[in-house]
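Peer 1: Below, each chain spelled out in residue letters.
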Amino acid sequence: MSDSQITVATSVHEEVRNPALLHHFATEQQQRDASSLGMWIFLGTEVMFFGGLFCAYLIYRLWYFGDFAAAAQTLNSWLGMTNTIVLICSSLTVVFAVYAAQHGKRTMLLASLALTLLFGLAFLGIKGMEYREKFENHHVPGASFSFVKTVPGHPDEMANPRHAEIYFALYFIMTGLHALHMIVGIGIFIWLLTMAWKGRLTPEYNTPMEIGGLYWHFVDIIWIYLFPLLYLIDLHK
Amino acid sequence: MAGNVDALYIFLLIVTGMMTLLVFTAVIYFAARYRHRRGVPAEQIDGSTHLEITWTVIPFFVFMVIFLWGAVVYFKGRTPPRDSTEVYVVAKQWMWKLEHAEGQREINELHVPMGRDVKLIMTSQDVIHSFFVPAFRMKQDVLPGRYTIAWFHATKPGTYHLFCAEYCGTQHSGMVGDIVVMEPAQYEAWMSGGSTGPLSASGEKIFAELGCATCHRSDTQGRGPNLVGVFGKPVQLEDGRIINADENYVRESILDPGAKVVKGFKPVMPTFQGLVSEEQLNALIAYVKSLSNAGPAGPKTATAPERAPAPGNTGTKGTQVE
Amino acid sequence: MSTAIAQPVERENYLNTQYGVGSWLLTTDHKRIALLYLASITFFFFIGGFFALLIRLELLTPAGDLVQADTYNKLFTMHGQVMVFFFLIPSIPAVLGNFLVPMMIGAKDLAFPRINLLSWYLYIIAGILMLHCILTGGVDTGWTFYTPFSTEYSNTKVIEAGLAIFISGFSSILTGLNFIVTIHRMRAPGMTWTRLPLFIWAHYATSIIQILGTPVIAITLVLVVAERALHLGIFDPKLGGDPLLFQHLFWFYSHPAVYIMILPSMGVVSEVIACFSRKRIFGYSFVALSSIAIAVFGFLVWAHHMFVAGISVYAALIFSLLSYSVAVPSAVKVFNWTATLYKGSIHYEAPMLYAFGFLGLFTIGGLTGLFLAALGIDVHVTDTYFVVAHFHYIMVGGALMGYLGGMHFWWPKITGKLYPEGWARLAALIVFVGFNLTFFPQFILGYLGMPRRYFDYSHMPEFQVLNVLSTAGATILGIGYLLPMIYFLWSMRYGKPAPDNPWNAAGLEWQTQSPPKTFNFDEEPVVTWEAYNYDEIDKAHPEEVHVVG
Numbered sequence: 015m016s017d018s019q020i021t022v023a024t025s026v027h028e029e030v031r032n033p034a035l036l037h038h039f040a041t042e043q044q045q046r047d048a049s050s051l052g053m054w055i056f057l058g059t060e061v062m063f064f065g066g067l068f069c070a071y072l073i074y075r076l077w078y079f080g081d082f083a084a085a086a087q088t089l090n091s092w093l094g095m096t097n098t099i100v101l102i103c104s105s106l107t108v109v110f111a112v113y114a115a116q117h118g119k120r121t122m123l124l125a126s127l128a129l130t131l132l133f134g135l136a137f138l139g140i141k142g143m144e145y146r147e148k149f150e151n152h153h154v155p156g157a158s159f160s161f162v163k164t165v166p167g168h169p170d171e172m173a174n175p176r177h178a179e180i181y182f183a184l185y186f187i188m189t190g191l192h193a194l195h196m197i198v199g200i201g202i203f204i205w206l207l208t209m210a211w212k213g214r215l216t217p218e219y220n221t222p223m224e225i226g227g228l229y230w231h232f233v234d235i236i237w238i239y240l241f242p243l244l245y246l247i248d249l250h251k
Numbered sequence: 066m067a068g069n070v071d072a073l074y075i076f077l078l079i080v081t082g083m084m085t086l087l088v089f090t091a092v093i094y095f096a097a098r099y100r101h102r103r104g105v106p107a108e109q110i111d112g113s114t115h116l117e118i119t120w121t122v123i124p125f126f127v128f129m130v131i132f133l134w135g136a137v138v139y140f141k142g143r144t145p146p147r148d149s150t151e152v153y154v155v156a157k158q159w160m161w162k163l164e165h166a167e168g169q170r171e172i173n174e175l176h177v178p179m180g181r182d183v184k185l186i187m188t189s190q191d192v193i194h195s196f197f198v199p200a201f202r203m204k205q206d207v208l209p210g211r212y213t214i215a216w217f218h219a220t221k222p223g224t225y226h227l228f229c230a231e232y233c234g235t236q237h238s239g240m241v242g243d244i245v246v247m248e249p250a251q252y253e254a255w256m257s258g259g260s261t262g263p264l265s266a267s268g269e270k271i272f273a274e275l276g277c278a279t280c281h282r283s284d285t286q287g288r289g290p291n292l293v294g295v296f297g298k299p300v301q302l303e304d305g306r307i308i309n310a311d312e313n314y315v316r317e318s319i320l321d322p323g324a325k326v327v328k329g330f331k332p333v334m335p336t337f338q339g340l341v342s343e344e345q346l347n348a349l350i351a352y353v354k355s356l357s358n359a360g361p362a363g364p365k366t367a368t369a370p371e372r373a374p375a376p377g378n379t380g381t382k383g384t385q386v387e
Numbered sequence: 003m004s005t006a007i008a009q010p011v012e013r014e015n016y017l018n019t020q021y022g023v024g025s026w027l028l029t030t031d032h033k034r035i036a037l038l039y040l041a042s043i044t045f046f047f048f049i050g051g052f053f054a055l056l057i058r059l060e061l062l063t064p065a066g067d068l069v070q071a072d073t074y075n076k077l078f079t080m081h082g083q084v085m086v087f088f089f090l091i092p093s094i095p096a097v098l099g100n101f102l103v104p105m106m107i108g109a110k111d112l113a114f115p116r117i118n119l120l121s122w123y124l125y126i127i128a129g130i131l132m133l134h135c136i137l138t139g140g141v142d143t144g145w146t147f148y149t150p151f152s153t154e155y156s157n158t159k160v161i162e163a164g165l166a167i168f169i170s171g172f173s174s175i176l177t178g179l180n181f182i183v184t185i186h187r188m189r190a191p192g193m194t195w196t197r198l199p200l201f202i203w204a205h206y207a208t209s210i211i212q213i214l215g216t217p218v219i220a221i222t223l224v225l226v227v228a229e230r231a232l233h234l235g236i237f238d239p240k241l242g243g244d245p246l247l248f249q250h251l252f253w254f255y256s257h258p259a260v261y262i263m264i265l266p267s268m269g270v271v272s273e274v275i276a277c278f279s280r281k282r283i284f285g286y287s288f289v290a291l292s293s294i295a296i297a298v299f300g301f302l303v304w305a306h307h308m309f310v311a312g313i314s315v316y317a318a319l320i321f322s323l324l325s326y327s328v329a330v331p332s333a334v335k336v337f338n339w340t341a342t343l344y345k346g347s348i349h350y351e352a353p354m355l356y357a358f359g360f361l362g363l364f365t366i367g368g369l370t371g372l373f374l375a376a377l378g379i380d381v382h383v384t385d386t387y388f389v390v391a392h393f394h395y396i397m398v399g400g401a402l403m404g405y406l407g408g409m410h411f412w413w414p415k416i417t418g419k420l421y422p423e424g425w426a427r428l429a430a431l432i433v434f435v436g437f438n439l440t441f442f443p444q445f446i447l448g449y450l451g452m453p454r455r456y457f458d459y460s461h462m463p464e465f466q467v468l469n470v471l472s473t474a475g476a477t478i479l480g481i482g483y484l485l486p487m488i489y490f491l492w493s494m495r496y497g498k499p500a501p502d503n504p505w506n507a508a509g510l511e512w513q514t515q516s517p518p519k520t521f522n523f524d525e526e527p528v529v530t531w532e533a534y535n536y537d538e539i540d541k542a543h544p545e546e547v548h549v550v551g
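Residue numbers (our numbering), protein chains in the order written: chain A, 15 to 251; chain B, 66 to 387; chain C, 3 to 551.
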């Protein structure tokens, strides 16, 4: 299975291994497969990690539906929608980047990576705006939390502020953890951009691009679950 | 009741004892009999599907028997009989406060008559505790924010250990007490000395003091539902659900009235969170029960506890009635 | 191939290929990382053991007179946390697994050697944080840190301990990830799944639990820390939260965690019994599949820790039923191991003595699990010393015996030295006796009603006799653990040099040098034989197979 080994320069008796091929792997295919499987498994652990939060959220939302709906309505769904589109576009640019790397298209690769970064930063910027608005409205759980609002669809019923505080606690933890993963993703893509600039992502070896892309897609998917769960409760009321 | 637990225990001792003997004998025998000897190689035996199936299926059936027996015992233990005498328990770091329906208060001691079913309605003021009486083979965690139920039926007079069995802080091992089981005559004598009147009477006083009667009138003109005959019966809520009016429901309605509004009423009841103590809550619940004059256990409450209150905020969502 | 004559000149191997602290702290060699782990977990074992000693000393008398109540509460908490998270969970996978998994499948290293090193560093960082927590006041919530006590009422260093465990969890996750990818992708040609040693199957199953379960306790810890720091209400009923939600989230990991602790040990036992009976494990595929079954079923039973916690009767019924299902594969394994002895050619070296010990003690521990899974009985014995005895039988009588057996079995491979066999057999015996004396009385104590986590039982002085027996046993057990420490260290300097395969054992790891070279194999092996081909081995080497050190 050594079809993908590269011979570099004119070596005397052995085929010289691609420097990117680590010593403990027999072939590049094996290294690629291992890296890919490793990233998939890591993403599996991330699913379980966020899963605990989703579980807590779902339970409390079932119990305190009205209060959660009231709290959710204070989020700006338009900003949330924008962020969703931003992330979906960023996943698209990631797909382009992977394609470009696989086909040796340097300009396309650099442009796609840069765009992905831009989209990621845009997402964080919008998130920051949302957080600030929450802070200004005293919706951040803690000593200065205050929440006075009626339950959607029940104009004579005030939402329970303690339950709303649980909503916001979960909101901040879930979106905060997600944002943290975004920041890590941005770091990974800056690194990838550097590698691409130095010409180290080639059709023969672009594993970092592939697994970096997997990670980014995953972070995107988490948001695609977060958005409707957190933002879109009883919007019609 | 304890006898049931012991019977299952002995059965398990026998079964597991036999299993242990079997394994130990086999291991020791084989280890000795097949000790390595020169010129006698080991015989390579890959396996035997027959054997595998046998020793999978047989244990499985034995386990199912144990499961069923255990389930039956458990079910009984979590189903207090109707017309049990009720005792309210409030656990706090690090003591047990008990209040009989007739009003006697005790700390770390519970006097009960023998031969009577006693149902405990328990809550905690702070952290999770657990009410454990080894002699009765009975244990139930006591949670803050909701009620849990346990019951027992003492058959022999005597004094029995009461332990807290869920770690609760510094004096967890000091949270011990006694269950004093008395002959019925002795119990009556003990009861008549020093009581502040039945719990429900104190509840009635609190009901008036806190202004509950203003809205919860005994006619249909009040802004709140008439509470006569409510306890232990199904209640239809404004969102269409039907739940059972048990202890947790009454508690929740006092502490978080917006959670389950009765159909046809507006959500205008103020919350009493922070304004009533656990003991006062117990008294109010006893009072509301007394308004159903079917006694402490209405026709539906006997089934309520085993459907065990779904975990809820300050109370529970009551129990769904099919 | 087995020779008892010392090599005149030491061959190059992974230990002597480079010297210096840097070469160890920056190594990516899975074997060196295994030794780094060995040192660290042994350190934490003795810390946890020291706490256990203090606990047992306190319980010699009914009165709480040795330490104060708060101190005692910290002792049992930290004994649990250190032993579970810093000893048992890493133990076999991080030491024996790291060392052997690549070698057993014919690979040069794990799939991700640098992540392996990162794993160790995460463990160390977590360990330092935990040590700091212990030294600056400790934590007293119990290792289970139930809410709202841990989030609202405890005034000890819950956040610090929580963070330490959080970090150690990632160490565990990365190890599991590494093993799964390695086993999938790095097997040598000819090493098919059905030729894998059962040790590998066991670690594969363990790794599945590690990657799926550990993240859940990680997020639970995040929630607890957040709640405690910011006074949120996720688990506090006064603020609308639910303490039972914590318990569900906690046990969702912590139950499978116990299978993380026992499965690798079962893998060791398979290897040892096969070698010292000179035959293939009876029912290989059933044992392999049982490992996977235990991993899968293990995720379905968590609420059996909550039967009296306030869950509904129906939930309790379901979890009790499922708990019996997870008992079946464990029983199947015990039967298969026992059947392996039949018509074997059995040797009594120390590793085998530990395997025998495992068989006996795991059987007892597992059977007492049947008591606990029975709802009617559990109501009585949960939160008493019955449970304490049950889990110590499995974790100490099972997992730790397996660990010690494995350390003895592979010691010649790891160090190139032989341990002293006589002392090893004596230590095994002492451990077995001490263990039973420590923990068997606790079953009785539990059924009689002694609750756990009690530092003062002066209300029930009738429990003293059993407690004294237990403490006496603990002392003996302690001696049993100190002995291997001493003679293992002694053997590293003064032990007889070991042959490459002192036991004439099957398995690719034994085809390497003792100690192995850095890259394990000179040439990638090509496997054409089944696992445990002892008939072929013994035909080729009809002489005595065991080597007495």
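Hints were generated in silico from the structure; no laboratory data involved.
Fair warning: there could be bad hints in the mix.
[Unchecked claim] Derived pair list, reagent style DSBU-like, types lysine-lysine, alpha-carbon separation capped at 30 Å:
#1 B:K141 - B:K162
#2 C:K419 - C:K519
#3 C:K519 - C:K498
#4 B:K328 - B:K141
#5 C:K498 - C:K541
#6 B:K270 - B:K331
#7 A:K148 - A:K163
#8 B:K157 - B:K328
#9 B:K270 - B:K298
#10 B:K221 - B:K298
#11 B:K157 - B:K221
#12 C:K345 - B:K298
#13 C:K498 - C:K419
#14 A:K119 - A:K212
#15 B:K331 - C:K240
#16 A:K163 - B:K157
#17 C:K240 - A:K163
#18 B:K157 - B:K141
#19 C:K419 - B:K270
#20 C:K240 - C:K419
#21 B:K328 - C:K541
#22 B:K331 - B:K162
#23 B:K328 - A:K251
#24 B:K162 - C:K541
#25 A:K148 - A:K212
#26 B:K328 - B:K162
#27 B:K157 - C:K240
#28 B:K328 - B:K298
#29 A:K148 - C:K519
#30 C:K240 - C:K345
#31 C:K159 - C:K345
#32 B:K270 - B:K221
#33 B:K221 - A:K251
#34 B:K157 - C:K498
#35 B:K328 - A:K163
#36 A:K119 - A:K148
Peer 1: Look at each hint and say if it fits the structure.
Peer 2: How the hints compare with the structure:
At most 30 Å may separate the alpha-carbon atoms for a hinted pair to count; K141 (chain B) and K162 (chain B) meet this at roughly 26 Å. With a CA separation close to 15 Å, the supplied pair K419 (chain C) and K519 (chain C) stays within the 30 Å bound. Restraint check for K519 (chain C) and K498 (chain C): satisfied, since their Cα atoms lie roughly 19 Å apart, inside the 30 Å limit. Distance restraint check for K328 (chain B) and K141 (chain B): the Cα-Cα separation of roughly 35 Å exceeds the 30 Å cut-off, and the hinted pair is therefore not satisfied.
As the CA atoms of K498 (chain C) and K541 (chain C) are separated by approximately 27 Å, the hinted pair is consistent with the 30 Å bound. Of the pairs offered as hints, the one joining K270 (chain B) and K331 (chain B) holds, with about 26 Å between alpha carbons and a cut-off of 30 Å not exceeded. Proposed proximity of K148 (chain A) and K163 (chain A) is supported: the alpha carbons are some 14 Å apart, at most 30 Å. Taking the CA atoms of K157 (chain B) and K328 (chain B), the gap is near 36 Å; set against the 30 Å cutoff, the hint is violated.
At roughly 24 Å between alpha-carbon atoms, K270 (chain B) and K298 (chain B) fall within 30 Å of each other, so this suggested pair holds. Only pairs whose Cα atoms come within 30 Å are accepted, and K221 (chain B) paired with K298 (chain B) is rejected, the gap being roughly 35 Å. A C-alpha spacing of about 29 Å is found between K157 (chain B) and K221 (chain B), which places the hinted pair at or below 30 Å, so the restraint holds. Restraint check for K345 (chain C) and K298 (chain B): not satisfied, since their Cα atoms lie roughly 69 Å apart, outside the 30 Å limit.
Proximity of K498 (chain C) to K419 (chain C) is assessed by CA-CA distance (about 6 Å); at most 30 Å being required, the pair is judged to hold. Annotation: proposed proximity of K119 (chain A) to K212 (chain A) holds, straight-line Cα distance about 14 Å (limit 30 Å). This hinted pair checks out: K331 (chain B) and K240 (chain C) have alpha carbons roughly 24 Å apart, not beyond 30 Å. Pair hint K163 (chain A) plus K157 (chain B) does not hold up; C-alpha atoms about 35 Å apart against a cutoff of 30 Å.
About 21 Å separates the Cα atoms of K240 (chain C) and K163 (chain A), which keeps this hinted pair within 30 Å; it holds. Distance restraint check for K157 (chain B) and K141 (chain B): the Cα-Cα separation of roughly 28 Å lies within the 30 Å cut-off, and the hinted pair is therefore satisfied. Simply put, K419 (chain C) and K270 (chain B) have alpha-carbon atoms about 83 Å apart, too far for the 30 Å limit, and the pair is violated. About 62 Å separates the Cα atoms of K240 (chain C) and K419 (chain C), which puts this hinted pair outside 30 Å; it is violated.
For the suggested pair K328 (chain B) and K541 (chain C), the alpha carbons sit about 85 Å apart, so the restraint of at most 30 Å is broken. Annotation: proposed proximity of K331 (chain B) to K162 (chain B) is violated, straight-line Cα distance about 36 Å (limit 30 Å). The straight-line distance between the Cα atoms of K328 (chain B) and K251 (chain A) is roughly 21 Å, inside the 30 Å bound, and the hint therefore holds. Simply put, K162 (chain B) and K541 (chain C) have alpha-carbon atoms about 76 Å apart, too far for the 30 Å limit, and the pair is violated.
At roughly 42 Å between alpha-carbon atoms, K148 (chain A) and K212 (chain A) are farther apart than 30 Å, so this suggested pair is violated. Only pairs whose Cα atoms come within 30 Å are accepted, and K328 (chain B) paired with K162 (chain B) is rejected, the gap being roughly 36 Å. Note on K157 (chain B) and K240 (chain C): the hinted pairing holds, with a Cα-Cα distance of about 15 Å set against a maximum of 30 Å. At roughly 15 Å between alpha-carbon atoms, K328 (chain B) and K298 (chain B) fall within 30 Å of each other, so this suggested pair holds.
About 60 Å separates the Cα atoms of K148 (chain A) and K519 (chain C), which puts this hinted pair outside 30 Å; it is violated. A C-alpha spacing of about 65 Å is found between K240 (chain C) and K345 (chain C), which places the hinted pair above 30 Å, so the restraint is violated. Between K159 (chain C) and K345 (chain C), the direct Cα distance comes to roughly 56 Å. Violation of the 30 Å bound is thereby established for this hinted pair. Distance restraint check for K270 (chain B) and K221 (chain B): the Cα-Cα separation of roughly 37 Å exceeds the 30 Å cut-off, and the hinted pair is therefore not satisfied.
At most 30 Å may separate the alpha-carbon atoms for a hinted pair to count; K221 (chain B) and K251 (chain A) exceed this at roughly 62 Å. With a CA separation close to 63 Å, the supplied pair K157 (chain B) and K498 (chain C) exceeds the 30 Å bound. About 22 Å separates the Cα atoms of K328 (chain B) and K163 (chain A), which keeps this hinted pair within 30 Å; it holds. For the suggested pair K119 (chain A) and K148 (chain A), the alpha carbons sit about 43 Å apart, so the restraint of at most 30 Å is broken.
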